[in-house]
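Let the sequences and hints guide you as you build the complete structure.
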Amino acid sequence: MNTNMSRRAVLVHDKALIKNFWEQKIDSQYQVTESEDVRMKKSALKKLRNEWVEQLESRTKHLKKFNEDRHKQMQASLLTTEPTLCKAESVA
Numbered sequence: 001m002n003t004n005m006s007r008r009a010v011l012v013h014d015k016a017l018i019k020n021f022w023e024q025k026i027d028s029q030y031q032v033t034e035s036e037d038v039r040m041k042k043s044a045l046k047k048l049r050n051e052w053v054e055q056l057e058s059r060t061k062h063l064k065k066f067n068e069d070r071h072k073q074m075q076a077s078l079l080t081t082e083p084t085l086c087k088a089e090s091v092a
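Counting from 1, one number per residue, gives the positions in the sequence shown under the numbering used here.
Derived from the structure by calculation, the hints contain no laboratory data.
Where a beta carbon is used, it is the ideal one built from N, C-alpha and C, also for glycine.
Each computed DMTMM-like pair below joins lysine to aspartate or glutamate, with the alpha-carbon atoms no more than 20 Å apart:
id, residue 1, residue 2
1, Lys25, Glu36
2, Lys25, Asp14
3, Lys46, Glu57
4, Lys46, Glu34
5, Lys64, Glu54
6, Lys41, Glu51
7, Lys47, Glu36
8, Lys46, Glu36
9, Lys65, Glu54
10, Lys47, Glu57
11, Lys61, Glu51
12, Lys25, Asp37
Pairwise CB distance ranges (calculated):
id, residue 1, residue 2, range
13, Asp27, Leu56, 38 to 46 Å
14, Ser77, Glu51, 33 to 41 Å
15, Asp69, Tyr30, 55 to 63 Å
16, Glu54, Lys15, 50 to 58 Å
17, Asp69, Asp37, 43 to 51 Å
18, Glu34, His71, 50 to 58 Å
19, Val53, Lys19, 46 to 54 Å
20, His71, Glu51, 26 to 34 Å
21, Val38, His71, 44 to 52 Å
22, Gln31, Trp52, 28 to 36 Å
23, Glu23, Leu45, 32 to 40 Å
Pasting the structure below:
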């Protein structure tokens, strides 16, 4: 019976050690995660990314407008030259 008691004590002791070990691991991982979150919030990278996105969107908008204006100008120039071509063909 004495051996039974010592085995229980050993098992309880080992269980407490294992529990303590994993709690320390979890706490240290939590602290690493917290410090990483704080670092990311302080980082200027997010702000820079947002600025780049705004610049790219603005550039895309201007290029799209430029292409639309150019397309309208080409259509307008075709419409103005088309009647003169028809007159030249009818004269010849």
